[in-house]
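Trainee: Spelled out, the chains give:
Number of protein chains: 2
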Amino acid sequence: MNAELISVGSELLLGQIVNTNAAFLSQELALLGVNVFYQTTVGDNGKRLTAALELANSRSDLVIITGGLGPTKDDLTKETVASFVSRKLVHHEESLHNIESYFLKRNRPMSENNRKQALVIEGSHVLLNYHGMAPGMIVTNNDTKIVMLPGPPQEMKPMFTNEFVPQLAKMMGEQTSITSRVLRFFGIGESQLETDLLDLIEAQTNPTIAPLANEGEVTLRLTVKHADPTEQKRLLDETEDQVTKRVGQYLYGYGDTSLMEQLFLQLREKHCTIATAESFTGGKFSGMLTSFSGSSAIYRGGFVSYATDVKEKVLGVSNEVIRKYGVISPQCAIEMAKRAKEQCVSDIAISFTGVAGPSKQEGKEPGTIFIGVAGLTPEPLYYELNLAGNRKAVTDRAIKYGCFYLLKEMKRWNMKE
Amino acid sequence: MNAELISVGSELLLGQIVNTNAAFLSQELALLGVNVFYQTTVGDNGKRLTAALELANSRSDLVIITGGLGPTKDDLTKETVASFVSRKLVHHEESLHNIESYFLKRNRPMSENNRKQALVIEGSHVLLNYHGMAPGMIVTNNDTKIVMLPGPPQEMKPMFTNEFVPQLAKMMGEQTSITSRVLRFFGIGESQLETDLLDLIEAQTNPTIAPLANEGEVTLRLTVKHADPTEQKRLLDETEDQVTKRVGQYLYGYGDTSLMEQLFLQLREKHCTIATAESFTGGKFSGMLTSFSGSSAIYRGGFVSYATDVKEKVLGVSNEVIRKYGVISPQCAIEMAKRAKEQCVSDIAISFTGVAGPSKQEGKEPGTIFIGVAGLTPEPLYYELNLAGNRKAVTDRAIKYGCFYLLKEMKRWNMKE
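The listed protein sequences derive, respectively, from chains L and R. Numbering follows numbering that gives the first Met the number 0, in which position 23 of the first sequence is assigned residue number 22; successive positions increment by one, without gaps. Numbering follows numbering that gives the first Met the number 0, in which position 316 of the second sequence is assigned residue number 315; successive positions increment by one, without gaps.
A couple of the hints might just be wrong.
Calculated pairs, DSS-like style, for lysine-lysine (alpha carbon to alpha carbon, straight line, at most 30 Å) [to be verified]:
hint	chain 1	residue 1	chain 2	residue 2
1	R	104	L	359
2	R	232	L	104
3	R	410	R	232
4	R	224	R	244
5	R	312	L	312
6	R	269	L	391
7	R	46	L	391
8	L	104	R	72
9	L	169	L	232
10	R	244	L	391
11	L	87	L	144
12	R	156	L	391
13	L	224	L	144
14	L	269	R	359
15	R	269	R	104
16	R	359	L	359
17	R	46	L	46
18	L	312	R	269
19	R	391	L	269
Simulated restraints, written as ranges between beta carbons of each label pair [what the hints assert, rightly or not]:
hint	chain 1	residue 1	chain 2	residue 2	range
20	R	78	L	255	48 to 54 Å
21	L	227	R	255	19 to 25 Å
22	R	19	L	209	20 to 26 Å
23	R	181	L	232	49 to 55 Å
In short, the hints are calculated from the structure, not lab data. Beta carbons are placed, not taken as given, at the ideal position from N, Cα and C, and that holds for glycine.
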């Protein structure tokens with residue numbers, strides 16, 4: 000099945016927003032085995048949308064249009080498609096009800112033009128909008144399916160996944176449903192993961208296994224097709240088992256959960272409080288940890304001990320350690336974590352010291368990092384890293400490693416309990 | 000002049016990367032008065048690129064193609080365009096030299112396929128690449144100009160701005176050159192800024208004045224057309240004067256400089272050291288300040304005094320202040336800043352305390368923020384904010400306000416010196 004995307008919106012042609020919808024849809028379709036050969040963007044202009052539609056209809060089995068379904072005069076996707084396939088617009092009761100309750104919930108009066116959003120193309124398959132007002136539609140024209148989805152990503156994405164994908168499975172001639180499970184890995188590169196799983200990835204057809212790398216993390220998406228949900232789960236579990244037997248030590252979570260969120264959730268679940276002592280990370284670790292609401296239950300506080308004398312005089316790292324080993328050392332990392340734990344009275348503490356770059360420090364190369372952890376084991380731990388990349392890359396990766404090490408140790412801790 | 004964009008790259012069709020080039024180019028072209036009517040994305044496929052090119056050539060005066068100029072077999076933009084306009088590829092000495100020195104600088108051997116990058120279409124206007132290897136090109140075909148730019152944004156953007164825009168001015172039949180100056184504002188909304196400047200914006204044609212809002216900041220882009228650089232500068236200065244007479248108190252910088260970067264630059268210029276005491280911002284302020292290389296010259300260190308007893312026992316806010324006024328108070332903000340300045344031995348210090356949300360704290364609504372500043376004035380200062388939005392929005396905006404207040408006070412400080 001060959002697909003193409005048409006994005007409608009003058010704000011895209013003016014460059015006021017970046018077209019993330021096209022990337023999302025392309026990625027999802029690729030994983031479902033649908034080839035996307037063209038992405039086109041046109042403004043809120045009936046003539047040019049019709050031209051794009053004619054061309055797309057002539058060469059693709061599936062045309063997905065996003066945007067232009069709203070209540071204003073600019074929005075004319077529905078009208079343009081209706082006229083292209085020579086059909087009328089008719090009221091859709093369920094969508095009107097949805098729109099009315101949307102306004103009721105927000106205690107706002109509904110203006111008349113919002114009724115327009117409940118109009119759908121006659122004979123179309125309506126995709127209900129559970130995250131906004133405008134319904135989506137699937138229209139069949141000759142051998143081509145034309146799909147209309149709303150433009151706002153927070154409406155488009157759930158409609159695509161929950162309402163359209165089941166229909167797509169049917170179109171693809173399968174009396175089955177498609178589900179996927181995303182496994183998240185850290186500390187292993189995409190190519191290594193692929194090498195370790197190559198025979199599985201190649202042999203496996205249901206579920207399929209698709210790796211994807213993004214900002215130092217790798218995900219594996221397992222996609223299963225089966226009519227029976229119990230059987231879907233069994234197949235996914237079985238494949239996950241095969242995967243974790245080989246690379247389980249790098250698995251840290253599922254779905255959209257970031258390393259930091261996973262750490263936050265683990266700390267909260269264990270009622271474990273944490274303190275921080277950050278040098279080159281400058282407070283970024285604690286800044287990310289406190290981005291989750293409810294973080295005050297687990298985060299006590301910390302130090303940004305940037306200057307060497309602040310490490311000594313404020314945080315309390317001993318002068319001897321600094322003189323003898325320097326601040327870029329395992330000893331300093333360990334002392335930083337111990338002092339943060341003591342001063343902030345927490346269960347555990349993590350510290351970061353190292354060279355973010357671009358210059359050397361204490362004769363050490365940029366990317367030389369020490370992470371200290373106090374309170375998780377009888378004796379404090381440290382980890383040494385040598386990371387490549389610029390200042391930002393080094394800092395961001397060090398923070399991820401910090402989360403990963405804590406999660407790994409807490410898992411071990413767990414098993415002992 | 001009507002333009003359209005063609006983005007080439009299978010990674011775009013697979014959704015592995017988001018097409019930020021299209022947004023950048025559309026925005027820049029709009030500001031230069033060029034209408035973009037279509038954006039098309041095709042894979043690394045000669046046949047489909049030719050189809051897109053034919054269509055674009057038939058309907059647009061200007062076709063800008065990005066991507067597919069690299070050294071690998073996949074890259075075939077140049078070859079496809081050459082064949083479309085029936086011309087040969089020829090070696091471009093200056094580009095070959097550029098590529099060779101690229102490898103020399105990095106001390107890496109140059110593989111043979113990199114030579115291919117020095118091939119250009121015969122008779123084309125070559126755009127030199129100062130940030131990578133592949134040169135860009137402008138080819139005239141009938142009445143249409145076909146422009147090829149490299150795909151990586153860090154190469155494409157400077158080539159577009161510095162090499163292509165001057166050529167575009169010529170194409171637009173103007174014996175002039177186009178330059179713009181971006182003024183950055185904070186603390187004023189886009190609509191207020193527009194209202195305050197409406198008569199100027201409407202009356203002004205050279206330079207033009209275009210406002211744009213982004214993440215709580217507003218920019219004004221002044222775009223001037225004139226053959227003489229001295230006259231360009233005079234016109235820009237004149238318009239900037241008119242603008243700052245009305246809204247100068249909100250102007251904080253120029254070009255791409257963020258509020259935090261401007262603060263960093265100001266502190267460095269004044270040899271002024273800073274310490275931090277952060278509560279709900281959790282270390283995000285210091286994390287951002289230390290993201291600039293060279294920050295160790297101005298940043299001493301700080302506290303993330305998240306829990307109330309950490310504010311008291313570690314940072315040293317007096318128990319009396321906390322008991323009497325609570326931690327969400329001007330008094331606490333001031334004490335936090337004073338203690339951070341003392342403990343970290345800095346010239347100035349800034350503190351953040353408040354309610355990030357979603358829950359109330361000490362009976363105060365989410366968005367209630369106090370920022371304390373010590374060391375800039377004989378007596379410490381505080382600022383009170385009541386911000387709308389979710390946890391992230393409140394935190395991010397509070398940090399921007401912190402930068403803005405410091406910059407404003409430093410300006411005043413400046414004038415006194």
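Trainee: Look at each hint and say if it fits the structure.
Mentor: How the hints compare with the structure:
1. Between residue 104 of chain R and residue 359 of chain L, the direct Cα distance comes to roughly 20 Å. Compliance with the 30 Å bound is thereby established for this hinted pair.
2. Restraint check for residue 232 of chain R and residue 104 of chain L: the C-alpha separation of about 55 Å exceeds 30 Å, so the hint is violated.
3. For a cut-off of 30 Å, the pair hint linking residue 410 of chain R to residue 232 of chain R stands: about 24 Å separates their Cα positions.
4. For the given pair, residue 224 of chain R sits about 23 Å from residue 244 of chain R by alpha-carbon distance, which is consistent with the 30 Å threshold.
5. For the proposed pair residue 312 of chain R and residue 312 of chain L, the alpha carbon gap of about 15 Å is at most 30 Å, so the pair holds.
6. Of the pairs offered as hints, the one joining residue 269 of chain R and residue 391 of chain L holds, with about 25 Å between alpha carbons and a cut-off of 30 Å not exceeded.
7. Of the supplied pair hints, the one linking residue 46 of chain R and residue 391 of chain L is violated, its CA atoms being roughly 40 Å apart against a limit of 30 Å.
8. Pair hint residue 104 of chain L plus residue 72 of chain R does not hold up; C-alpha atoms about 56 Å apart against a cutoff of 30 Å.
9. Between residue 169 of chain L and residue 232 of chain L the alpha-carbon distance is near 20 Å, which keeps this suggested pair within the 30 Å criterion.
10. Between residue 244 of chain R and residue 391 of chain L the alpha-carbon distance is near 38 Å, which puts this suggested pair outside the 30 Å criterion.
11. Of the pairs offered as hints, the one joining residue 87 of chain L and residue 144 of chain L holds, with about 17 Å between alpha carbons and a cut-off of 30 Å not exceeded.
12. Between the alpha carbons of residue 156 of chain R and residue 391 of chain L the distance comes to roughly 21 Å, so the proposed pair stays at or under 30 Å and holds.
13. For a cut-off of 30 Å, the pair hint linking residue 224 of chain L to residue 144 of chain L stands: about 22 Å separates their Cα positions.
14. At most 30 Å may separate the alpha-carbon atoms for a hinted pair to count; residue 269 of chain L and residue 359 of chain R meet this at roughly 25 Å.
15. Using a Cα cut-off of 30 Å, the hinted pair residue 269 of chain R and residue 104 of chain R is violated, with the two alpha carbons roughly 35 Å apart.
16. Taking the CA atoms of residue 359 of chain R and residue 359 of chain L, the gap is near 46 Å; set against the 30 Å cutoff, the hint is violated.
17. The suggested pairing of residue 46 of chain R with residue 46 of chain L holds, with an alpha-carbon distance near 26 Å, which does not exceed 30 Å.
18. This hinted pair checks out: residue 312 of chain L and residue 269 of chain R have alpha carbons roughly 25 Å apart, not beyond 30 Å.
19. Proposed proximity of residue 391 of chain R and residue 269 of chain L is supported: the alpha carbons are some 25 Å apart, at most 30 Å.
20. Roughly 41 Å separates the CB atoms of residue 78 of chain R and residue 255 of chain L, a value that falls outside the hinted 48 to 54 Å.
21. Evaluation of the 19 to 25 Å hint for residue 227 of chain L and residue 255 of chain R yields a failure: the beta carbon distance comes to about 55 Å.
22. A beta carbon spacing of about 24 Å between residue 19 of chain R and residue 209 of chain L agrees with the range 20 to 26 Å that was offered as a hint.
23. As the Cβ distance of residue 181 of chain R to residue 232 of chain L is approximately 54 Å, the hint placing it in 49 to 55 Å holds.
The earlier numbered hints that this structure contradicts are 2, 7, 8, 10, 15, 16, 20, 21.
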